[in-house]
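**Q** Produce the complete structure using the sequences and hints provided.
Number of protein chains: 4
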Amino acid sequence: MPVTPEQQAEIEELRASPRSTLRAVSEGMETHLYRAHQVLDHGFVRVIDYMGDDAAICQAARVSYGKGTKSVQNDEGLIRYLMRHWHSTPFEMCEVKFHIKLPVFVARQWIRHRTANVNEYSARYSILDREFYIPEPSVLAAQSVINNQGRGDLLQGEEAARVLEWLKADSTRAYDHYEAMISQDGQQGLARELARMNLPANIYTQWYWKVDLHNLFHFLRLRADSHAQYEIRVYAQKMCEIVADWVPAAYGAFEDYRLGGATLSGKAMACVRRMLKGEAVTQENSGMSKGEWREFQEALDHSA
Amino acid sequence: MPVTPEQQAEIEELRASPRSTLRAVSEGMETHLYRAHQVLDHGFVRVIDYMGDDAAICQAARVSYGKGTKSVQNDEGLIRYLMRHWHSTPFEMCEVKFHIKLPVFVARQWIRHRTANVNEYSARYSILDREFYIPEPSVLAAQSVINNQGRGDLLQGEEAARVLEWLKADSTRAYDHYEAMISQDGQQGLARELARMNLPANIYTQWYWKVDLHNLFHFLRLRADSHAQYEIRVYAQKMCEIVADWVPAAYGAFEDYRLGGATLSGKAMACVRRMLKGEAVTQENSGMSKGEWREFQEALDHSA
Amino acid sequence: MPVTPEQQAEIEELRASPRSTLRAVSEGMETHLYRAHQVLDHGFVRVIDYMGDDAAICQAARVSYGKGTKSVQNDEGLIRYLMRHWHSTPFEMCEVKFHIKLPVFVARQWIRHRTANVNEYSARYSILDREFYIPEPSVLAAQSVINNQGRGDLLQGEEAARVLEWLKADSTRAYDHYEAMISQDGQQGLARELARMNLPANIYTQWYWKVDLHNLFHFLRLRADSHAQYEIRVYAQKMCEIVADWVPAAYGAFEDYRLGGATLSGKAMACVRRMLKGEAVTQENSGMSKGEWREFQEALDHSA
Amino acid sequence: MPVTPEQQAEIEELRASPRSTLRAVSEGMETHLYRAHQVLDHGFVRVIDYMGDDAAICQAARVSYGKGTKSVQNDEGLIRYLMRHWHSTPFEMCEVKFHIKLPVFVARQWIRHRTANVNEYSARYSILDREFYIPEPSVLAAQSVINNQGRGDLLQGEEAARVLEWLKADSTRAYDHYEAMISQDGQQGLARELARMNLPANIYTQWYWKVDLHNLFHFLRLRADSHAQYEIRVYAQKMCEIVADWVPAAYGAFEDYRLGGATLSGKAMACVRRMLKGEAVTQENSGMSKGEWREFQEALDHSA
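These protein sequences, in sequence, are chains D, W, A and S.
Per our numbering, residue 27 is the first one in the first sequence, and the count goes up by one each step.
Per our numbering, residue 27 is the first one in the second sequence, and the count goes up by one each step.
Per our numbering, residue 27 is the first one in the third sequence, and the count goes up by one each step.
Per our numbering, residue 27 is the first one in the fourth sequence, and the count goes up by one each step.
One should not assume that every hint holds.
Identical copies look the same in the list; a pair holds intra-copy or inter-copy alike.
What the hints assert, rightly or not - DSSO-like mimics (lysine-lysine), calculated; alpha carbons at most 30 Å apart, straight line: (1) K293 with K264; (2) K316 with K303; (3) K93 with K316; (4) K194 with K264.
Derived from the structure by calculation, the hints contain no laboratory data.
Because the structure is a prediction, the values reported are computed rather than measured.
**A** Encoded structure:
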């Protein structure tokens with residue numbers, strides 16, 4: 027269970043106290059505030075705060091005095107134009123702050139996106155909880171035979187059982203020893219900043235993560251992608267749903283131009299032009315390597 | 027006049043429409059929202075949006091589920107601790123968005139602070155207004171004779187009058203020609219992206235500027251300082267007043283530890299220790315250069 | 027003339043003093059070091075220093091102990107793979123430092139790219155030179171009638187002459203007054219930090235600009251593009267030539283995947299698929315707006 | 027042993043191949059290039075590349091055409107002036123690229139400094155080595171009783187032995203299972219991106235880390251500090267030695283103004299002034315909290 031009853035009560039208390047503000051309000055986002063959306067076995071994504079809405083993007087693009095809005099339709103057109111032409115700064119004018127609980131190996135991948143503000147729970151200062159990510163059998167996959175950084179078929183039978191058993195047993199033992207090492211019961215008790223080193227990468231951590239909408243879109247484009255590791259992708263997908271409620275027009279443009287779109291190389295565009303003229307283009311006469319050609323075919327075949 | 031009656035009406039309309047939110051609200055900041063605080067002759071600072079308050083800083087530092095607040099007193103103690111020990115990330119969890127109107131030469135200095143989001147009024151796309159900064163006689167100063175980048179005594183009499191006359195006449199003529207060049211009345215009309223090059227650096231521009239509290243403090247420490255150029259300092263001072271209303275505890279800590287504090291070098295600290303033992307320390311036996319010694323004396327004499 | 031004989035002598039002196047190093051060396055880049063490549067009437071681009079080469083990109087991607095190179099061919103394949111899959115961090119491992127002289131209105135556009143290090147010549151501290159950008163008649167264009175931020179036809183006859191005359195006369199007068207204001211000959215002399223405000227945006231400034239290769243590519247993609255303003259595009263194009271000599275494999279990949287490529291939206295890809303099946307697709311049945319359709323047609327027609 | 031004989035041979039090969047360059051060269055830094063400086067039991071710091079030297083800092087500050095140097099003495103004075111007045115941009119003009127091998131829990135702390143470029147060894151793509159950090163008994167300390175995030179006395183006797191035994195045994199078992207899970211010998215073999223989650227935080231990883239000198243100083247000030255965790259401090263201290271050889275004047279200024287200096291609050295400065303007048307100042311009449319007063323006393327007592 028990602029949150030305890032006490033934590034849930036704190037969340038409900040916050041949701042029960044509306045206040046008055048003169049700021050831009052996104053009704054869609056208000057429904058998410060503070061709520062814990064479960065991800066993986068013990069993780070979650072919660073919106074703690076946000077700044078701006080679709081209209082705020084347009085207002086900033088126009089550097090306007092008032093709402094900057096002419097009409098919802100005009101705003102959507104402007105937002106699509108900005109997205110299409112890589113005008114990133116108006117999207118930077120919206121900001122969101124999440125509270126996220128996630129396994130450490132996911133956190134390590136996530137933190138590579140540096141253009142965000144982060145406050146992580148400190149295992150130097152505090153004691154980590156006994157919560158570990160153990161994959162569902164439905165995602166416990168073998169190493170891919172075609173992709174060096176991907177998964178292939180699901181593990182079967184005894185092998186799957188053995189892996190799950192090891193993951194559980196090693197986590198449990200590591201945490202038992204962690205607890206025993208820091209205990210001050212009849213002994214000095216190892217410093218927490220040292221004891222944490224015994225904990226495996228599937229233990230859960232949590233952080234506050236604050237990011238502007240432009241950089242969030244960049245993160246989501248890479249991490250909601252089918253090539254991203256499953257365990258981070260599920261977080262990205264949950265955040266996509268939240269963003270769609272927060273800034274529907276901006277999210278729609280993002281979906282069309284980034285998530286659903288494709289970047290074709292000069293060589294690929296030349297092939298498209300030849301193909302549209304009726305020419306038979308093959309990998310051999312395309313000028314592309316086998317890898318590029320395969321990805322080009324995937325882009326053409328893709329049914330978005 | 028920094029804003030026109032139409033703009034003022036738009037601002038009033040926004041202030042007349044409170045809405046309900048579940049987010050953290052700073053009552054002090056709500057009083058500022060949208061209002062234009064005049065700076066210099068035609069400039070202003072306006073708060074367009076904000077995220078977080080003093081409690082949000084503590085909530086992030088504790089990575090908490092609820093408000094993260096134990097008491098206002100505890101929060102203030104924690105905030106002072108965080109500021110004293112250079113824990114910057116909790117302050118990054120607050121964000122503010124300003125609309126600022128300022129002379130171009132001030133904007134050029136301002137933009138050197140890169141850790142902010144900016145949308146500037148585009149002179150490629152739009153036509154700039156006929157508004158120029160003309161200094162008050164009370165700030166029209168001569169080059170400093172001791173500081174290569176500073177001001178000395180006020181200009182007197184004819185010299186002052188001549189300078190003001192030139193600034194006004196050159197601005198007027200440059201703008202007349204700007205208008206005449208882009209006019210499409212009986213001629214093609216020069217592209218705006220070219221015509222703008224005729225405009226001097228005292229013309230006003232405007233932008234939306236969004237920044238987190240940590241980086242805003244860094245900006246304010248440098249630009250509200252007495253060594254900053256007067257024309258940017260007045261913006262920074264106005265923003266200090268606003269921030270004091272937004273996050274009083276954080277601003278109080280900033281004032282004590284940054285604005286009112288002093289950074290002493292290893293040599294300076296060694297001198298303080300010797301002086302406290304009753305030793306007579308002079309520049310000659312201090313190990314410091316004359317410049318360092320003068321600044322050290324200023325820090326000791328300063329009545330904050 | 028962008029550099030004086032004295033400056034040219036300093037440059038020659040630096041080029042005459044090779045030294046021994048154990049670092050990665052790019053022979054192509056060594057030929058550029060310190061040389062001033064003229065841009066516009068008084069501007070230039072000079073390479074002051076660089077770090078890394080094509081092999082260094084691969085070495086970082088492999089986190090290797092030695093050169094990280096298997097063969098030049100392997101390296102090129104890896105670099106193309108990294109570029110195609112948006113692996114940006116290996117490209118960040120190369121760095122370049124330029125000295126650039128450019129008109130202020132170009133500098134103002136340039137500085138919006140925040141992920142670089144900048145040291146600009148200080149007009150608070152120093153006196154600016156009397157050098158202004160005056161456009162060639164061949165680039166003196168009217169406002170575009172179809173693009174709000176672009177140029178259309180060249181100005182003709184008297185109108186062109188009048189514009190050039192104003193630009194020259196206003197620059198000259200502004201600088202005369204600047205000089206007269208700061209003069210300490212028989213008067214106090216206005217502070218430089220104030221006098222600079224009289225100077226128009228076509229005056230030249232200069233700066234040291236240091237950036238990593240990934241962010242430089244991002245800058246070049248936007249600023250070497252045909253939609254960029256001519257006066258910044260010529261700088262970007264000159265830098266493209268330099269980068270092609272510095273890291274030929276990386277530049278080749280950049281040219282194919284970014285400069286020569288196209289990003290198609292989900293809707294555009296759906297149209298391509300329908301067209302390849304022989305369907306007649308028009309703007310009306312494409313789901314795209316007129317603007318999107320026009321840009322889609324341009325991408326398809328483009329002969330790279 | 028941090029590097030294998032094969033890796034050492036690669037390093038020697040690189041050091042045996044000097045080349046000619048026109049760039050600035052730091053003789054002190056050339057002696058470090060590629061060499062592995064051991065840190066902890068299996069870690070190291072290696073310099074892979076660098077850009078600039080002390081003179082380059084001055085050259086950028088002066089935006090000069092040639093070397094920008096008047097004399098070594100002038101350069102040192104300028105560098106001290108820049109450091110004292112927080113002019114950070116000239117220091118950003120130097121850059122360094124390290125190859126670092128470090129335990130994961132150290133890497134997690136390190137990566138919080140976001141203003142650097144990083145390429146980490148990928149455990150999705152590759153297999154991690156069997157190398158774990160096991161603390162020396164001389165640093166195996168109990169939790170501090172006065173500081174929530176610090177160490178106190180050394181662990182004694184049986185407790186120390188038990189901790190070391192657990193750390194070793196758990197690492198060994200976790201790695202045995204990691205190997206067994208990814209093995210494709212008679213089974214499918216778990217995906218590497220999943221198997222890595224079983225590995226504890228004392229396993230070693232490695233990365234290329236590139237940073238400019240200003241941000242490196244910021245990192246070193248925080249991490250070479252006595253309050254930093256020992257396991258990251260030893261890396262920072264090794265890097266301090268390297269930087270002292272690279273840019274001696276800049277490092278000297280850093281040592282005096284940052285490492286050896288003290289930042290005193292407004293309240294603390296007021297106390298210093300009162301004490302210099304001979305007044306007896308105590309915590310009670312200082313206006314400071316007990317924590318602040320203790321830190322103030324430490325700053326005054328400190329023998330740098």
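**Q** Determine for every hint whether it applies to the structure shown.
**A** Now for the hints, and whether the structure bears them out:
{"no.": "1", "hint": "K293 with K264", "verdict": "between (36 Å within a copy, 24 Å between copies)"}
{"no.": "2", "hint": "K316 with K303", "verdict": "both (23 Å within a copy, 24 Å between copies)"}
{"no.": "3", "hint": "K93 with K316", "verdict": "between (52 Å within a copy, 27 Å between copies)"}
{"no.": "4", "hint": "K194 with K264", "verdict": "within (26 Å within a copy, 39 Å between copies)"}
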